[in-house]
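First to last, the protein sequences are chains E and D. Under my numbering, the first residue of the first sequence carries the number 1, and numbering increases by one thereafter. Under my numbering, the first residue of the second sequence carries the number 1, and numbering increases by one thereafter.
Worth flagging that the hints you see were computed from the coordinates, not collected in a lab. The hints are all genuine.
If several chains are the same, the list does not tell them apart, and a pair holds so long as it fits within one copy or across any two.
Computed cross-link-like contacts, DSSO-like style, restricted to lysine-lysine with a CA-CA straight-line distance of at most 30 Å:
no., residue 1, residue 2
1, K289, K234
2, K234, K327
3, K303, K327
4, K66, K6
Number of protein chains: 2
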Amino acid sequence: MEPNSKIVRFEHGDGLLLDSGVRLEPFEIAYETYGTLNQDRSNAILICHALTGDQHVADDPEDSEKSGWWSNLVGPGKALDSDKYFVICSNVLGGCMGSTGPSSINPETGKIYGLDFPVITISDMVRAQAMFIDRLGIERLFSVVGGSMGGMQVLEWAARYPERVLTAIPIATSHRHSSQNIAFHEVGRQAVMADPDWRQGRYLDEGCNPRSGLAVARMAAHITYLSDEALHQKFGRSLQDRDSLTFGFDADFQVESYLRYQGYRFVDRFDANSYLYITRAMDYFDMPKDHGGILANAFKDTKSRFCVISFTSDWLYPTRESREIVKALNAVAANVSFVEINSEKGHDAFLLDEPEMFSTVSGFLDASADALGITLEQAQGKGV
Amino acid sequence: MEPNSKIVRFEHGDGLLLDSGVRLEPFEIAYETYGTLNQDRSNAILICHALTGDQHVADDPEDSEKSGWWSNLVGPGKALDSDKYFVICSNVLGGCMGSTGPSSINPETGKIYGLDFPVITISDMVRAQAMFIDRLGIERLFSVVGGSMGGMQVLEWAARYPERVLTAIPIATSHRHSSQNIAFHEVGRQAVMADPDWRQGRYLDEGCNPRSGLAVARMAAHITYLSDEALHQKFGRSLQDRDSLTFGFDADFQVESYLRYQGYRFVDRFDANSYLYITRAMDYFDMPKDHGGILANAFKDTKSRFCVISFTSDWLYPTRESREIVKALNAVAANVSFVEINSEKGHDAFLLDEPEMFSTVSGFLDASADALGITLEQAQGKGV
Numbered sequence: 001m002e003p004n005s006k007i008v009r010f011e012h013g014d015g016l017l018l019d020s021g022v023r024l025e026p027f028e029i030a031y032e033t034y035g036t037l038n039q040d041r042s043n044a045i046l047i048c049h050a051l052t053g054d055q056h057v058a059d060d061p062e063d064s065e066k067s068g069w070w071s072n073l074v075g076p077g078k079a080l081d082s083d084k085y086f087v088i089c090s091n092v093l094g095g096c097m098g099s100t101g102p103s104s105i106n107p108e109t110g111k112i113y114g115l116d117f118p119v120i121t122i123s124d125m126v127r128a129q130a131m132f133i134d135r136l137g138i139e140r141l142f143s144v145v146g147g148s149m150g151g152m153q154v155l156e157w158a159a160r161y162p163e164r165v166l167t168a169i170p171i172a173t174s175h176r177h178s179s180q181n182i183a184f185h186e187v188g189r190q191a192v193m194a195d196p197d198w199r200q201g202r203y204l205d206e207g208c209n210p211r212s213g214l215a216v217a218r219m220a221a222h223i224t225y226l227s228d229e230a231l232h233q234k235f236g237r238s239l240q241d242r243d244s245l246t247f248g249f250d251a252d253f254q255v256e257s258y259l260r261y262q263g264y265r266f267v268d269r270f271d272a273n274s275y276l277y278i279t280r281a282m283d284y285f286d287m288p289k290d291h292g293g294i295l296a297n298a299f300k301d302t303k304s305r306f307c308v309i310s311f312t313s314d315w316l317y318p319t320r321e322s323r324e325i326v327k328a329l330n331a332v333a334a335n336v337s338f339v340e341i342n343s344e345k346g347h348d349a350f351l352l353d354e355p356e357m358f359s360t361v362s363g364f365l366d367a368s369a370d371a372l373g374i375t376l377e378q379a380q381g382k383g384v
Numbered sequence: 001m002e003p004n005s006k007i008v009r010f011e012h013g014d015g016l017l018l019d020s021g022v023r024l025e026p027f028e029i030a031y032e033t034y035g036t037l038n039q040d041r042s043n044a045i046l047i048c049h050a051l052t053g054d055q056h057v058a059d060d061p062e063d064s065e066k067s068g069w070w071s072n073l074v075g076p077g078k079a080l081d082s083d084k085y086f087v088i089c090s091n092v093l094g095g096c097m098g099s100t101g102p103s104s105i106n107p108e109t110g111k112i113y114g115l116d117f118p119v120i121t122i123s124d125m126v127r128a129q130a131m132f133i134d135r136l137g138i139e140r141l142f143s144v145v146g147g148s149m150g151g152m153q154v155l156e157w158a159a160r161y162p163e164r165v166l167t168a169i170p171i172a173t174s175h176r177h178s179s180q181n182i183a184f185h186e187v188g189r190q191a192v193m194a195d196p197d198w199r200q201g202r203y204l205d206e207g208c209n210p211r212s213g214l215a216v217a218r219m220a221a222h223i224t225y226l227s228d229e230a231l232h233q234k235f236g237r238s239l240q241d242r243d244s245l246t247f248g249f250d251a252d253f254q255v256e257s258y259l260r261y262q263g264y265r266f267v268d269r270f271d272a273n274s275y276l277y278i279t280r281a282m283d284y285f286d287m288p289k290d291h292g293g294i295l296a297n298a299f300k301d302t303k304s305r306f307c308v309i310s311f312t313s314d315w316l317y318p319t320r321e322s323r324e325i326v327k328a329l330n331a332v333a334a335n336v337s338f339v340e341i342n343s344e345k346g347h348d349a350f351l352l353d354e355p356e357m358f359s360t361v362s363g364f365l366d367a368s369a370d371a372l373g374i375t376l377e378q379a380q381g382k383g384v
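My request is simple: use the sequences and hints to build the entire structure.
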């Protein structure tokens, strides 16, 4: 789906032992970078994307048509300034934008994986990213930043590679997926799998696409990304291009029309099986369970500096879950700052124009660079 | 689907002019009653059911296998005591349990209505109920009680027939359907309509059933009936009949298994087109709009006594919406009491074991009977 990104390839013998016990090899990671790595290799920031995100985090400087999904935060002169930092973003394992996933060719059969692709975890994604960061020749990351599932990866990075992560910014996220969130994901997967065009996951081989099922999954998920208040302010009960109710099942209300649009637009850019695999990885995410039932154990002896950010109206990953992360970090005397930002935009706030988030991120990074004595000059730097 | 209930039939010439402008005739209303109407005809209580409810509100005294959906509230010796009150419950217009709806025969074609059934509103449901209550020979109802969509009908009854409603108990409801709630309903409808077995609504003629689509719709809706906390307490991240994750797409988690069960069990008892019509009626519900933009106008000069009940963890019809109803009633100096009940069970709390709800309802009814000087004796009463 995305032939233009840079790719690193891990060949047979250089693969990854997944949490499932399956060895994945060969595999590829597609990525983008913005800015220049400095001589000290000290200004690298890894951005981890969310469920349906990709490696195109900032606007493409060479193509004004291609905008990045976090271009209000990342780019020249932005809070995450690519004139200062070397910004890296890679498509997750299991994704559909160039990294190896269920729509890739299974080397054992020569056919598309489909459901033969192994189920992956957030930890698998992060270990693949670490292998990729090794390839870039970067020992330590100045920061790892991400929202939602991206925030899960940030936490996993900090827990797994404390020496490689100077600062970590998990935003609008959780240390484990809640029962309600598993439930919403399950609805989405059931919607995809109920579509006869899913063909037990073999739709690409059979020349079809479970468009309706994936669109329904996206519609349900989309509601959870917003808030009651955001929907009320944005749409209320306004009618769509009509003066009165039609007494039918067309999209009378703007919110219906908006949801249908969101659902079907998504289908054009995303692979249904990747949706199954990535939601599954999120459901499996449970840091306390991986650390003897105590979240704080994940961050024992951490030297990383943390900045945890949540939003008041986010009911998918509510502030209380960020507080649990902060409490665990406090329990190990970690260096942590925590900001709950007032917003009516719901979970999606982390992707939107939230000046307090921008200033929090840039302020935290500047202060951390000062405190750590890190020179961010990239004038004499050299790209990877 | 339900041949055993009592039926009243409104023949051609005795029909109902719907809000859509369509005249519905003939039509039938299926109902159940519990207890005995007293000689004064003063002890009748109408229960209005919710989206997927029906007329079987209490346990069937003649069949211990048939339990009612609100049997913890309604029955002999219960808060809504059928030894004292004559309890009536009818299936809503558009339903699938005996009242006329999209699975009924269209008299004009001799075929099942399907999508030729006219779109109905909460007001249509209530006006049909009023015609049915007329047939029972009951002038005034001691109370009209209902939760969720049932509560919408309660409000509509009080607004439309103030002389016929002595007391009104709207529970866990709203005076208009919010944007978020319309959005969740639209997801459900899209799930049904995306199922190829829906056949543009003609599935009954064609001998099939959009089971998968309706099950997905029910699963999504079911999450909204609970609360994050209820799901956490009930399931957490517990696994279903296994000791560890399977790294697959089976229902690893109990909450997944529970949702699938709820979805597919629902399909066996409910008609997909009824689901479309009834959700649509709820989406169209907007009392302020029907009264010049001011909710209080709906209750001008009301003599009815109101008891408004909400639950702390209900995020589908949150307490603030009940407060708006109370404010509107206060604005017209209505007799209103308001109770917000502490519960972690979410919207479904109104159907569950909530002792404070039971005592609130029985206390309010007893006090109202005293205040209104109503004799509830039914010893010498005579059934309808």
